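*Asks:* Keeping their order, the protein sequence lines are chains A and B. Residue 101 in our numbering sits at position 101 of the first sequence, with consecutive numbering throughout. Residue 205 in our numbering sits at position 205 of the second sequence, with consecutive numbering throughout.
Keep in mind that the hints were calculated from the coordinates and are not lab data. Keep in mind the model is a prediction, meaning the values are calculated, not measured. From the three backbone atoms N, C-alpha and C, an ideal C-beta is built for every residue, glycine too.
Listed next, the in silico DSS-like pairs over lysine-lysine satisfying Cα-Cα at most 25 Å (straight line):
no., chain 1, residue 1, chain 2, residue 2
1, A, Lys-50, B, Lys-298
2, B, Lys-172, B, Lys-228
3, B, Lys-75, B, Lys-52
4, B, Lys-258, A, Lys-89
5, B, Lys-33, B, Lys-172
6, B, Lys-47, B, Lys-302
7, B, Lys-279, B, Lys-302
8, B, Lys-279, B, Lys-228
9, B, Lys-298, A, Lys-54
10, A, Lys-89, B, Lys-279
With beta-carbon atoms standing in for the labels, derived distance ranges:
no., chain 1, residue 1, chain 2, residue 2, range
11, B, Leu-162, A, Gln-79, 51 to 57 Å
12, A, Ile-62, B, Ser-72, 28 to 34 Å
13, A, Leu-52, B, Asn-108, 54 to 60 Å
14, B, Ser-101, A, Leu-52, 52 to 58 Å
15, B, Ser-101, A, Gly-59, 45 to 51 Å
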Amino acid sequence: MALEIEENIDNLEIEDETLGERLLGLSEMFPETVRSFSGSIFNSSVSASKSLYKWSRSGLWIVASTFTILILPIICEEQRASIEEQQAKQQRELLLGPSAATSSAAGAPMPLGFAPVK
Amino acid sequence: MASSAFGQTENEPSVIDPTLLSRNPGTFEDLNKKTKDLYPIIFEGFKFTLNKVISTHFQINHNIILSSVVPSGYKFGATYVGVNQISASEVYPIVLGDMDSNGNLNTNIIHQFHPNVRTRVVAQIADGILAGYQMTNDYKGNDFTASITAVNSDIIQNSGVLIGHYLQRVSKNLDLGCELLVQYGRNVPNNRMALYSVGWRYFGNMWQFSGVVNPLGSLHLCYYHQSKSPLQFGVELETNLRTMESSSSFSYQVDLSKANMTFKGMVDSNWTAGAVLEKRLLPLPFTFVLSGFLNHVKASYKFGIGFTIG
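Chain A extracted, bound-state conformation (with noise of 0.2 Å):
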């Protein structure tokens, strides 16, 4: 029994190292050069992401609203003019018949002065 605790506090004293420790140990494997090395490629990637969401982030914003500003209004004003077009050409097809068959179908009657169109 005494042999026991003797040992369990053998083991204590012995205790065996985090794993904190154990990764810290392997790190002096390497030479001091790799180490610094992935060290600084580490830090620098770590800061260019962050300038790099900082970065898009305003020229996101920049691109938006500018595109917003410059271009959006005359895509919108084009597409709202070929759209009326549109609709004035099918209006003018429906009065005036775009040929006979349609025309002599409907049974409507021409009105004086328009000329069927072939």
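Assemble the complex: chain A is given as a structure, and chain B must be docked to it using the hints.
*Replies:* Here is chain B on its own, set in the frame of chain A:
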């Protein structure tokens, strides 16, 4: 989409400038005019204009401006066009004036004494005194234009500014010109100071490249291009080689005539963008104007609405 982005696909022969057809190159001040005309007139606030035509010779307009940036108020303007009709669009003399509610007056009188000689007088009265006045005489020869301008010439104090311009059409693609500015008076060092600039315009059928250079180091270059029918664009660069400052802008104009709309936009190297949309609301003679301005550096955005009747 039924139609392409800009509608028309057929090539229309377009004549961009009557001065390029005749041999006269226009005035020196109009060298960069085609590019400057593409620049949108950005304003802030609300602008209302009522144009009334009283007779074929006389028109008046009432303007109300409500804005937090520009001093607001009411302005009354009048235009008189004379009886000397040179051609379909040019009638002389022309007298323009506008006055606001504080009594500040701006006037413009243009008259053509002879088919080759045109005179223009500009006067400004502010706070009850004559603040600025300028008289310009242009002589338009066969393939050149010469003009003399006197600004704020004061006979009593013997001070003022005299500007002389000369622009010559050198070949069918090139105009060259120069400007001489003389400032004289007691406040001027050595009683007299003179400055000259050289300008050129090199153009083709659909484009123009023009510039004005100064020995003080200021350089102003403009390029104008008319591409597929509704789109015209221009690039402008202003540099001062002494103070090492420069700014450039890209501006464009889209005319959608079937939508009765004109759109002018610009992007600047100072991280600003602006646009003006002008739409005619037919069948009534109304014009609706929207203006927007973005300054990304200061994060300040300004917008304006305008409405014109007549």
